[in-house]
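**Student:** Top to bottom, those sequences are chains B and W.
When we follow the numbering used here, the leftmost residue of the first sequence carries the number 1, and every step to the right adds one.
When we follow the numbering used here, the leftmost residue of the second sequence carries the number 1, and every step to the right adds one.
Don't read these hints as lab results, they were simulated from the structure.
The reader is advised that the hints may include incorrect statements.
[Unchecked claim] Derived pair list, reagent style EDC-like, types lysine to aspartate or glutamate, alpha-carbon separation capped at 20 angstroms:
#	chain 1	residue 1	chain 2	residue 2
1	B	Lys13	W	Glu519
2	B	Lys13	W	Glu349
3	W	Lys34	B	Asp142
4	B	Lys13	W	Glu30
5	W	Lys381	W	Glu308
6	W	Lys302	W	Glu253
7	B	Lys115	B	Asp142
[Stated by the list, open to error] If you want the footprint, here are the derived chain W segments under chain B, 3+ residues with CB under 8 angstroms:
#	region
8	15-25
9	55-69
10	90-97
11	559-569
12	858-872
13	935-949
[Said to hold, decoys possible] Away from chain B, derived, C-beta distances all over 12 angstroms, residues of chain W:
#	residue
14	Thr38
15	Ser121
16	Gly134
17	Lys162
18	Phe186
19	Ala248
20	Lys373
21	Leu533
22	Glu913
Don't be surprised by glycine CBs; every beta carbon is placed ideally from N, CA and C.
Single-letter residue listing:
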Amino acid sequence: MIKAILIFNNHGKPRLSKFYEHYTEDTEQQIIRETFHLVSKRDENVCNFLEGGMLIGGSDYKLIYRHYATLYFVFCVDSSESELGILDLIQVFVETLDKCFENVCELDLIFHVDKVHNILAEMVMGGMVLETNMNEIITQVDAQNKMEKSEVTSVLA
Amino acid sequence: MALKIVKGSIDRMFDKNLQDLVRGIRNHKEDEAKYISTCIDEIKQELKQDNIAVKANAVCKLTYLQMLGYDVSWAAFNIVEVMSSSKFTYKRIGYLAASQCFHESTDVIMLTTNQIRKDLSSPNQYDTGVALTGLSCFVTPDLARDLANDIMTLVSHGDCVKRKRCSVLIMYKVFLKYPESLRPAFPRLKEKLEDPDPGVQSAAVNVICELARRNPKNYLSLAPLFFKLMTSSTNNWVLIKIIKLFGALTPLEPRLGKKLIEPLTNLIHSTSAMSLLYECVNTVIAGQYCSSVGSVVLCVQKLRILIEDSDQNLKYLGLLAMSKILKTHPKSVQSHKDLILQCLDDKDESIRLRALDLLYGMVSKKNLMEIVKKLMLHVDKAEGTTYRDELLTKIIDICSQSNYQYITNFEWSVSQPVTPHPPGISVSWWTIRVFAVAQMATLLDNAHLLTGSMQRNGICEVLYAAAWICGEFSEHLENPLQTLEAMLRPKVATLPGHIQAVYVQNAAKLFATVLKSQEGNTDSTTAQETSQLMIDRLPLFVQSANLEVQERASCILQLVKYIQKLQQKDVEVAEEVIALFAGELNPVAPKAQKKVPVPEGYLDLTPPSESESEDEQPKAIFAKEEPKHSRPRHTEVDEKELARRREARKQEQANNPFYIKASPSSQKVYQDAPGVEHIPVVQIDLSVPLKVPGLPMSDQYVKLEEERRQKERAEKKKKEKKKRKEKRSGRGKKHDSGPESEEDITPAHMVDIVTEEMPEVRCVSLQIQFSTSRIFNELSPSSFWVFNEKKSSKHKKKKQKKEKEEKEKKKKKKKHHHHHHHSDGGGEESVQNGTVEEEEPLPVSVYDIQGNLQDGSQVVVSVIFENKCDSFLKSMEFNVLDSLNSKLQRPEGSGPHDGLTVPFQLPPGVSNEARFVFTVQSIVMPQKLKGTLTFIVKNEDSSTHEKLDFKLHFTCTSYLITTPCYSDAFAKLLESGDLKGSSVRLEGVNMPFHHLLARICFHHHFSVVERIDSCASMYSRSIQGHHVCLLVKTSGQTVSIDAKCDEPTLLGNVLDEIKQTFSQC
């Protein structure tokens, strides 16, 4: 199971947070802060796994992250997930964002966090991996966007 | 109408949308909080409007603010409104907001049930999609119950693949929240494992894997199906999940492991996906106890490839998996030592730490020195990092593991500045003491190198040991004066207090030695100079903030001043000064003895008190050393004391009817059985821990307990070996009066099973210890008893040699141990306890009775079962003979005499708690229920059915529940006149009044209402609502308790119980 998915930038500002288990807003912010502290002090050329300790869920949980330019993508997962599999999933996620936003950058995530959520919803549902094929994900996202567009135009028309 | 819509849309154009909000926040970096609060006000206005588009926009912004840490639960109802919009666009916004901020205690969630049901059956597949996605995040037990059927319909009849997949996945969440749905839904879920669509199939695999992780053995029956999937599927995600699932299943079913080897090996050879390869290796490792050496070798080879890879992630995982293999096949890993040492040079700290972990398990006698040497190089390189702390800790762990068993070259070890030198160890290195002393002196001389930055690591602890060794063995010092000077340097004052104290004390010892050597000379001035040195330097310590240091220093300072006076009169004082510290410690070297093979069938007859102090409790020696005046006598006393104790123990054993003899063969089994618990663990007793890995508080107790247990076992084993060795080497009368330490004989060690010179009494193969106090302390403060009676058949064989005097002494001691926690047991029970406590070969149980506040006719009895023997206990059945008044609650359909199955099994040394509910009708009388515990003792080759009788004592106290009461309410209660009075006097109570009150509160569940001087009012309430009021007065040793209660019988019994509590102390 995936327990949480976090995206924050090099300064620890959250760009997306998705918790698959309920925490209070304060706890969520604390988790984001601590995760940032753990992840940000690591060098570029070290491995992408981090034992999260007491942060979320205890010793069964790992932080698996990737760092792209100004953004950190962090998945907090338990031992039922394959570490390398999740790394691939992060890659798929980022590539999908890249396709959907056309050369994605931090600003896209800042201004369109709702869209990022919608894309993520096509990949992970309730903490379980739903789809890992990028083309499939994009088809679904596009279809829904098209529907949204048709609704908006019908209102304005 | 149309106009209104258009107008709404135009209005909307003037509202801030999400992008505007984000931009605004970015433009108001200085006063972000203020800006956001104005935005929230705007959002509140927008939410009040009728236009759904405006509302949706507002909700969308709230979702963003939620991410920034703002609580938006106040808008929950508006979110529900947006969710129920017919437009997909708004619906999606609503569901997203709900998934981010709804949870089980959100009350409006129950309004969503029908909306979600509608969306699930919507013709638009995307409506269904967002509803399922949202639901997966905020599903509650109620929603799960109400919607389970709709989801099942989707699973079986869904026309669209995507909908099907989502609904299969969400089944897991539904099962979690509403477990009753699992059974009816399972066949359909199983069907989906073979769904033609790979997506649906993968979702089903996902769900079953998650379920199986929680309870693997229920899913063993699916193994053939998964096996088929594994050999046919090509989807790596699915394969990984299945292989992970097999990893959880193989430990339960060894045959499965065998069967898996072939396809897994094939996959390992064929796959190009590292993730799949890694999981295959992991699963082979999980089933490795049954897999061939060949497959393990293959795994290690593959892991080596991973570790050698330039990808840090693969390297890390490779090491991780390697450490799992290390546990069972250390040899196969050890051959890759080169690679692992290489990883220590890695730039990645996580990898270095993993490699360190591996090294710990790879150390052997042969390679220890090499490995530590290498690690020391790294310590130098890693100056000033946390990694270095970790390294040092590991070095110490490595060296000290298994009781220093790998250290063959003590001299080498002493020369390592960081390796631990608990003084105890040095003492056991008797033979090399001269060398050790020389090293320690150098160490002290160079102490300044160690202090400073090292101080926080606790490395300075080594100085503690060094100072003591130099003082104690000062006659071996080459240049005692120089060392004395080193010990009195002003810099010493920066060390922790307890080290300074040892410095001061040992400086005095050194001073004596120096004096001795100098008085031999004709020139008396040097001796006087030495005294002057002491007088000059000691005042520094006299000013110390540490009491210990201050006290010792001022004592010694005065002494030296006096000596100086004598010296000035040319009096020879050295002899007398030396006499202050005379007497040598006589060490025992258990290590040396261990090395001699043990003759078959020999007995362990060593008294238990000897062997602990040197190795296990380094500080114990210091404790002896501190009161200097008693030093010369000490060993003597010990010997006498030891002999006396040994005698007493022998008597105790002889008198104990429950002492069990074991057959020689079973003893052998015990000896040979390998197991982690048997490996002695040295606790390096540093008061400044080097770096203790963080443990949650609750675990600490468990750890302590575990350590204690290990220690006990270790000691026992060691004793056995040692004794054997003694006999064998013909040095039976070897000097064995090492200083005795009582320090770690806690009340929990109540059983001493070892006797000397009684060859007919065999060492017991069932390790038995009665450990009550810790358990008691852990549980809630109510009344506890110990219940257990042993099968009588064995006891009859016991020797009944008794000496009256001894017996009485024993009893007293026992009582003393007992009364703290064993308060209310009747006379009969204490006798039982008294005898049983001696030896309890099978489960030891402790119980606690608590009233159920909700139901006045129920009490819950929590019983802790602890398996103290070396066999596996299973099929435990708990049965109580019901009385008219009290009945054990049994599941429906079972007869009144059926036992209740205890829902767990007990491996050796494990304890677990079970709860049993009793219904009671009347609570005014105490009651004893007889019961039996039946169980199967399973050994490697046999299993026997055993039975244990016990009694449960339901005291009236256990029906009382601590209830606070205010003094005015209390007064009203007394005035009401409904209560009947009674009183009791206790004579000869010799304890402070507050102790007395605390005792009544603790044992009898009262709370103090008011206390004035030596008078207090107390209150408690029974589970059936009886009020019990006490007025406790004390004068001298007499305590009078006036009590009132609406039920006189209950009151009488409670008072009797209170009386009993105090009669036992």
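**Student:** Take the hints in turn and mark each one as holding or not.
**Tutor:** Do the hints match the structure? See the list:
For the given pair, B/Lys13 sits about 76 angstroms from W/Glu519 by alpha-carbon distance, which is inconsistent with the 20 angstroms threshold. Under the criterion of a C-alpha separation no larger than 20 angstroms, the hint pairing B/Lys13 with W/Glu349 is inconsistent with the structure, at around 26 angstroms. Restraint check for W/Lys34 and B/Asp142: not satisfied, since their Cα atoms lie roughly 38 angstroms apart, outside the 20 angstroms limit. Taken as a hint, the B/Lys13 and W/Glu30 pair is honoured in the structure, with Cα atoms around 15 angstroms apart against an allowance of 20 angstroms.
Among the hinted pairs, W/Lys381 with W/Glu308 is inconsistent with the structure: their alpha-carbon atoms are about 23 angstroms apart, more than 20 angstroms. Of the pairs offered as hints, the one joining W/Lys302 and W/Glu253 is violated, with about 25 angstroms between alpha carbons and a cut-off of 20 angstroms exceeded. Only pairs whose Cα atoms come within 20 angstroms are accepted, and B/Lys115 paired with B/Asp142 is accepted, the gap being roughly 11 angstroms. Counting residues of the region 15-25 of chain W whose CB lies closer than 8 angstroms to any CB of chain B gives 4, so the stated coverage by that chain holds, three being the minimum.
Three residues within the 8 angstroms Cβ limit are the bar, and the region 55-69 of chain W against chain B gives 7, so the coverage statement holds. Under the rule that three or more residues need a Cβ within less than 8 angstroms of chain B, the assignment of the region 90-97 of chain W holds, with 3 such residues. Residue count for the region 559-569 of chain W with a Cβ under 8 angstroms from a Cβ of chain B: 0. That is fewer than the three needed, and the coverage hint is violated. Beta-carbon proximity to chain B at under 8 angstroms applies to 0 residues in the region 858-872 of chain W; the threshold of 3 is not reached and the given coverage is violated.
By the rule of at least three residues with a Cβ nearer than 8 angstroms to a Cβ of chain B, the coverage given for the region 935-949 of chain W is violated, with 0 such residues. No beta-carbon of chain B comes within 12 angstroms of the beta-carbon of W/Thr38; the shortest separation is about 19 angstroms. Against the 12 angstroms criterion, W/Ser121 stays outside the reach of chain B, whose nearest CB is about 18 angstroms from its own CB. At roughly 9 angstroms from the closest C-beta of chain B, the C-beta of W/Gly134 falls inside 12 angstroms, breaking its exclusion from the interface.
With 12 angstroms as the threshold on Cβ separation, the claim that W/Lys162 sits away from chain B is violated: the shortest Cβ distance comes to roughly 7 angstroms. No Cβ of chain B approaches the Cβ of W/Phe186 within 12 angstroms, the least distance being about 18 angstroms, so the stated non-interface status holds. The claim that W/Ala248 lies off the interface is violated: its Cβ sits roughly 9 angstroms from the closest Cβ of chain B, which falls inside the 12 angstroms cut-off. No Cβ of chain B comes within 12 angstroms of the Cβ of W/Lys373; the nearest lies about 27 angstroms off, and the non-interface call holds.
Non-interface status of W/Leu533 relative to chain B is upheld: no Cβ of that chain comes within 12 angstroms, the nearest being about 50 angstroms off. For W/Glu913, the requirement that its beta carbon stay farther than 12 angstroms from each beta carbon of chain B is met, with the minimum near 22 angstroms.
Going down the numbered hints, you'll see the structure goes against 1, 2, 3, 5, 6, 11, 12, 13, 16, 17 and 19, while the others check out.
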